[in-house]
Amino acid sequence: MSIINQEVVYAPSHEWAKVQGSEATIGISDFAQHALGSVVFVDLPSVGQRFNAGQEFGAVESVKAASELFLPLSGEIIAVNEELNDKPELLNSAPYASWIVKIKLSHPEEVKKLLKPEEYAKIAK
Amino acid sequence: MKYYNTLIFELSKSGRIGYSFPKNPYAKKSLDTLLPKELLRSEEAALPEVSELDIVRHYTNVSQKNFGVETGFYPLGSCTMKYNPKINEEMAGLPGFTEIHPLQPLSTLQGVLRIYDETARMLSDISGLAEFTLNPFAGAHGELTGLMIMKAYHEKRNDLKRTKVIVPDSAHGTNPASATVAGFETIVIASTADGRVNLESLKAALSDEIAGIMLTNPNTLGLFERDIVEIARLVHQAGGLLYYDGANLNALLGQVRPGDMGFDIMHINLHKTFSTPHGGGGPGSGPVGVAKALVEFLPNPRIVKHSDYYTIEDSGKAIGQISHFYGNFLNVVRAYTYLLTLGKENLKSVGGLAVLNANYVKESLKDVYELPIGSFCMHEFVFNGLKNKSTDVHTLDIAKRLLDYGVHAPTIYFPMLFEQSIMIEPTEVESKETLDHFIAMMRQVAQEALDNPEMVKTAPHTTPVRRLDEVTAARTPILTYKDATRHG
Amino acid sequence: MFKYFPHTPEDLAAMLERVGAKSIDDLFVDIPKSIRYKKDYKVPESMSEMEIRAHMQALADANERLVVFRGAGAYDHETPSIIKPLISRQEFLTSYTPYQPEISQGTLQYIFEYQSMICELTGMDVSNASMYDGATATAEALFMAQAATKSPRMLISDLVNPEVINVVETYAHFRGLQLEKVRSLNGTLDRNHLKDLLDDGPASLLVQYPNYLGIVEDFTEVAQWVHEHQGLFIMNANPSLLSVLKTPREMGADIAVGDGQPLGIPLSFGGPYFGYLTTTTPLVRKMPGRIVGMTKDVDGKRAFVLTLQAREQHIRREKANSNICSNQSLMALFATIYVAALGKQGMIDVNTRCIQATHELYDRLIKTGAFHAAFDAPFAHEAVLLSDLDMVKLNDRLLKKGMLGGLPVKLPDSKKTGWLFAVTERRTPAQIDALVQEVEMMAHEVL
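Chains as they are written, first to last, in this note's numbering: chain A, 1 to 125; chain B, 1 to 488; chain C, 1 to 447.
Quick caveat, the hints were computed from the structure, so don't treat them as lab data.
Beta carbons are placed, not taken as given, at the ideal position from N, Cα and C, and that holds for glycine.
Among the hints, a few may not be true.
[What the hints assert, rightly or not] Label pairs and their calculated CB-CB ranges: (1) C/ALA13 with B/GLU70: 24 to 34 Å; (2) A/GLU23 with B/GLU38: 31 to 41 Å; (3) A/ARG50 with C/THR280: 21 to 31 Å; (4) B/THR163 with C/ARG18: 44 to 54 Å; (5) B/LYS387 with A/GLU83: 43 to 53 Å; (6) C/PRO202 with B/MET455: 38 to 48 Å; (7) A/ASN52 with C/ASP25: 55 to 65 Å; (8) A/GLU23 with C/THR220: 41 to 51 Å; (9) C/VAL29 with B/ASP208: 17 to 27 Å; (10) B/GLU345 with C/ALA58: 21 to 31 Å; (11) B/ASN24 with C/THR220: 22 to 32 Å; (12) A/ALA79 with B/THR163: 34 to 44 Å; (13) B/LEU106 with C/THR220: 37 to 47 Å.
[What the hints assert, rightly or not] Below are the BS3-like pairs computed for lysine-lysine, each with C-alpha atoms no more than 27 Å apart in a straight line: (14) B/LYS86 with B/LYS2; (15) C/LYS3 with B/LYS432; (16) B/LYS292 with C/LYS33; (17) B/LYS457 with B/LYS2; (18) C/LYS286 with B/LYS305; (19) A/LYS87 with C/LYS286; (20) C/LYS33 with B/LYS203; (21) C/LYS150 with B/LYS161; (22) C/LYS319 with C/LYS296; (23) C/LYS84 with B/LYS2; (24) C/LYS195 with B/LYS37; (25) A/LYS104 with C/LYS150; (26) C/LYS410 with C/LYS181; (27) C/LYS286 with A/LYS64; (28) A/LYS64 with B/LYS389; (29) B/LYS387 with A/LYS64; (30) B/LYS457 with C/LYS301; (31) C/LYS416 with C/LYS393; (32) C/LYS400 with C/LYS410; (33) C/LYS150 with C/LYS195; (34) B/LYS305 with C/LYS393; (35) A/LYS102 with A/LYS18; (36) B/LYS482 with C/LYS33.
Only chain A is shown next, with the shape it has when bound in the complex (with noise of 0.2 Å):
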């Protein structure tokens, strides 16, 4: 069972975003971070770069998997986690604390499409 943070929104694709006002904070989830196993590299974006709702922005490794990072709202990069450059275990230890990116929202209505943690529940098993 896989803990599901209450205080955020999720994308299908196992990203969560906190909203706060034009801005999101966003992370993968503790099911992700399973899923993966020990994460060994994040791949961060520069800021600066504009993503789409949906799009790559980044990727997440493990020895024996890769995984894209989509970006669950549309917005321009304005901050990167870069402590995970030498510690990309703390989204293994903490997926919820450790942030990967902050964004400025360019469609702040997208918020609307997420998943609320009880309807995420319901996929991340």
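Let chain A serve as the given structure and place chains B and C on it in line with the hints.
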């Protein structure tokens, strides 16, 4: 196998040498008089300084940390780890082959060119395809070459919409990767419950955007695609071509030919079906064969036979060049020698014996390992882990425990259709005794999984090293001796 | 019965019984009858070892072993005697890819040593476990540059070996890279042309070192310009010569790539050789091919393992940057033992001799009056000369005396043809004398 823990750099002592040269008559011309100082290296490369015996002992000891086909049974599914005959090595070592420069005049190359030509012709006959190039260096390289030919074919017809290639979900990873490198998009179609191509999925995926399909037959589960003639018809009707991944060709020798199944392009792995050694990861060789309509696209340079003289030619219609020279020539010599050693009488028995060996192992273990598909298999088959999974012993653990019993583990976690895949390919060279021993070992491990699961989960125990920390290796990569000395 | 098939009639009967089939044919029930192929293959009848030896020796004798004065991508170096017995050890020769590291520490260790040595030679941070050959490795280096810079624009010096250019062009065509050629001037890269091309937009640059004509130039400034234009600087370099020449790292290269054949690998009519590919630490995850890393096992023992596998085809599948699976592992072992055998001093020594001998022949050929300089640029162990002699006729003459003369090549920035030759440590003074003598005789007859 024994644990030897010294790197060549650690044997180094300043001043030692491991070579000898004749007196140098041009020693007076020092380098800095022949080249400007700015073009010379400022610091010497930190290469080892070791005596000759040191080197020989070192690599001899290093080799003893390895398991080869001659150490013991190597049932790796999809790899066809058959015996690598020593006569092949002897022939590949003849100075009349090894001392030949690739850019010599044709009159001095007639022997090597004849070997190329005759090998290509034999492979054509065995595969049922019109012509072969022996330039590709490996199977994946052959796939790339074949897909380039597929693309060139459609480009020539001005059919530029065909940007996609179909690949079944059971395919080897190189298939979609090669498609990407060739500039195609991959469309994956789901297999049926018994791992074969789902004809309905195939029909749904076919369109005028499909350049072709990549298949292996038998498929990666060791099952023959019964519907192959229909599959070929459907793909051709939709305007696509069929590519055959020759990794599983061993099953078919003496039984059926890919060309007759309807395939238009194929690669062969000489290091699988035709006994050239795996070398710890290469060099292999991946000759590519094509149907008549595609011959014009074969890569340069090409070896051409004219009555009784061979030439090397380039064609403007070729896809271009995919190798600097002519591929792994000495491996062609090995494969050629193998073909002559087997001869027409024995080549046609290879498939039957390989398939019998695989079925024998399957039948002998299906009571303790989970057999998802119960029909006759071809030269390999897949178990989905143990039948009794109550002690949570996984395929990885079984593989590691087998190492303690002097057997190389089968292929694990491939194909990805089953969660706990164990793919076993005995090949035709293994005797009933070897197979019986393997079966006994597999049964033993299956029993240990129930009686003493911890032993299996922490295996291997008797190998030179035990389970490795792959996570640290990937998080903090130490990839050179210099890195290692820095990290302490 | 046949020596590779151990099954006796009793074995077959027992096995068929276990399997539940009456004959081996029954096992092939899934193959449609319409396509079954039971005819003999058009392959000769089985040959015994005696017959094979005779047959193959005749084929070997139908080739001519020559005294080689030609390079152009394949160099005639002496192979130390210890290499063949060591790489022929079955544990190295017949083993599979080291996916089960516990029983493949042999392979993994030698690849680690190989990676270390190649990095010492090139000056770069990391290397992969080898690739097919220098030309395909160079094509893959361009893919790396595209992945790293996100720009498909690649500038290729026209002084790169034409066969390498052909391979690069083929790969580029299918993958969608945009190639443009940079002209040469006096046998070196035309820097003004390069600057013009860089002004048009970001691009990576590929050069060869020494270049196809044997000439050596300092690319330090060139690397800076390429970096200023957001491109990667890629050098296809002879790895053996790097023991004495300024390294790609010292010049600022991002990727050093090339063919490993000069590391003692016999000419073998073109293969097997191997490609090497090295790069800087920031680019390691864009590097194709297998990579071996150092780690520990559960007991704390030092060990080696394939690492960073998440880049590779078996995990990334269609998203992999490269499709490479098998490489040329055993040839990397060959090179590793070669470098160990020659060692720090021997690598300097062998390359120094090659350079000295080539300069010696260069001077003597000019002295005959039949050859003159094509360029006024430094060269290492390969050089090009112009001649008033008919080069084809000269080479025919040399061939009759068992010599492989220089390769006639079209010079890129003129319509002239040069004679491209290389002298390695294998060429004795007597052999060099014999070549010069033939030239003098022909010059005397014709000029």
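Now the hints, each set against the structure:
1. Distance hint check: the CB atoms of C/ALA13 and B/GLU70 are about 29 Å apart, consistent with the given range 24 to 34 Å.
2. The beta-carbon spacing between A/GLU23 and B/GLU38, approximately 53 Å, falls outside the hinted interval of 31 to 41 Å.
3. The beta-carbon spacing between A/ARG50 and C/THR280, approximately 28 Å, falls within the hinted interval of 21 to 31 Å.
4. Distance hint check for B/THR163 and C/ARG18: the Cβ-Cβ separation is about 49 Å, which falls inside the suggested range of 44 to 54 Å.
5. The hint said 43 to 53 Å for the Cβ distance between B/LYS387 and A/GLU83, and at roughly 46 Å that hint holds.
6. Range check, C/PRO202 to B/MET455: Cβ separation about 58 Å, and the 38 to 48 Å hint is violated.
7. Look at A/ASN52 against C/ASP25: about 59 Å separates their beta carbons, and that is inside 55 to 65 Å.
8. A C-beta distance of roughly 45 Å is found between A/GLU23 and C/THR220, which places it inside the suggested range of 41 to 51 Å.
9. Checking the proposed 17 to 27 Å range against C/VAL29 and B/ASP208 shows it is violated: the Cβ atoms sit about 36 Å from each other.
10. Separation of B/GLU345 from C/ALA58 is about 23 Å and conforms to the stated range, judged on CB atoms against 21 to 31 Å.
11. The given range of 22 to 32 Å is respected by B/ASN24 and C/THR220, whose C-beta atoms sit roughly 31 Å from each other.
12. Between A/ALA79 and B/THR163 the beta carbons are some 38 Å apart, a value that agrees with the proposed interval 34 to 44 Å.
13. Separation of B/LEU106 from C/THR220 is about 43 Å and conforms to the stated range, judged on CB atoms against 37 to 47 Å.
14. At roughly 25 Å between alpha-carbon atoms, B/LYS86 and B/LYS2 fall within 27 Å of each other, so this suggested pair holds.
15. Restraint check for C/LYS3 and B/LYS432: the C-alpha separation of about 15 Å stays at or below 27 Å, so the hint holds.
16. The straight-line distance between the Cα atoms of B/LYS292 and C/LYS33 is roughly 24 Å, inside the 27 Å bound, and the hint therefore holds.
17. At most 27 Å may separate the alpha-carbon atoms for a hinted pair to count; B/LYS457 and B/LYS2 meet this at roughly 22 Å.
18. Simply put, C/LYS286 and B/LYS305 have alpha-carbon atoms about 42 Å apart, too far for the 27 Å limit, and the pair is violated.
19. Distance check on the hinted pair: A/LYS87 and C/LYS286 sit about 20 Å apart at the alpha-carbon level, within 27 Å; holds.
20. With a C-alpha separation of about 24 Å, the suggested pairing of C/LYS33 with B/LYS203 holds against the 27 Å cut-off.
21. Among the hinted pairs, C/LYS150 with B/LYS161 is consistent with the structure: their alpha-carbon atoms are about 25 Å apart, no more than 27 Å.
22. Straight-line distance between C-alpha atoms of C/LYS319 and C/LYS296 comes to about 30 Å, which puts the hinted pair past the 27 Å bound.
23. Restraint check: the Cα-Cα separation between C/LYS84 and B/LYS2 comes to about 23 Å, which is no more than 27 Å; the hinted pair holds.
24. Under the criterion of a C-alpha separation no larger than 27 Å, the hint pairing C/LYS195 with B/LYS37 is consistent with the structure, at around 26 Å.
25. For the hint pairing A/LYS104 with C/LYS150, the CA-to-CA distance comes to about 24 Å; that is within 27 Å, so the pair holds.
26. Only pairs whose Cα atoms come within 27 Å are accepted, and C/LYS410 paired with C/LYS181 is accepted, the gap being roughly 16 Å.
27. Only pairs whose Cα atoms come within 27 Å are accepted, and C/LYS286 paired with A/LYS64 is accepted, the gap being roughly 17 Å.
28. Under the criterion of a C-alpha separation no larger than 27 Å, the hint pairing A/LYS64 with B/LYS389 is consistent with the structure, at around 23 Å.
29. At roughly 25 Å between alpha-carbon atoms, B/LYS387 and A/LYS64 fall within 27 Å of each other, so this suggested pair holds.
30. Proximity of B/LYS457 to C/LYS301 is assessed by CA-CA distance (about 19 Å); at most 27 Å being required, the pair is judged to hold.
31. Between the alpha carbons of C/LYS416 and C/LYS393 the distance comes to roughly 17 Å, so the proposed pair stays at or under 27 Å and holds.
32. At roughly 24 Å between alpha-carbon atoms, C/LYS400 and C/LYS410 fall within 27 Å of each other, so this suggested pair holds.
33. With a C-alpha separation of about 20 Å, the suggested pair C/LYS150 and C/LYS195 falls inside the 27 Å cut-off, and the hint holds.
34. For a cut-off of 27 Å, the pair hint linking B/LYS305 to C/LYS393 stands: about 25 Å separates their Cα positions.
35. Straight-line distance between C-alpha atoms of A/LYS102 and A/LYS18 comes to about 9 Å, which keeps the hinted pair within the 27 Å bound.
36. Between B/LYS482 and C/LYS33 the CA atoms are separated by roughly 61 Å; this puts the pair beyond 27 Å, and the hint is violated.
Violated hints, in rising order: 2, 6, 9, 18, 22, 36; the structure is consistent with all others.
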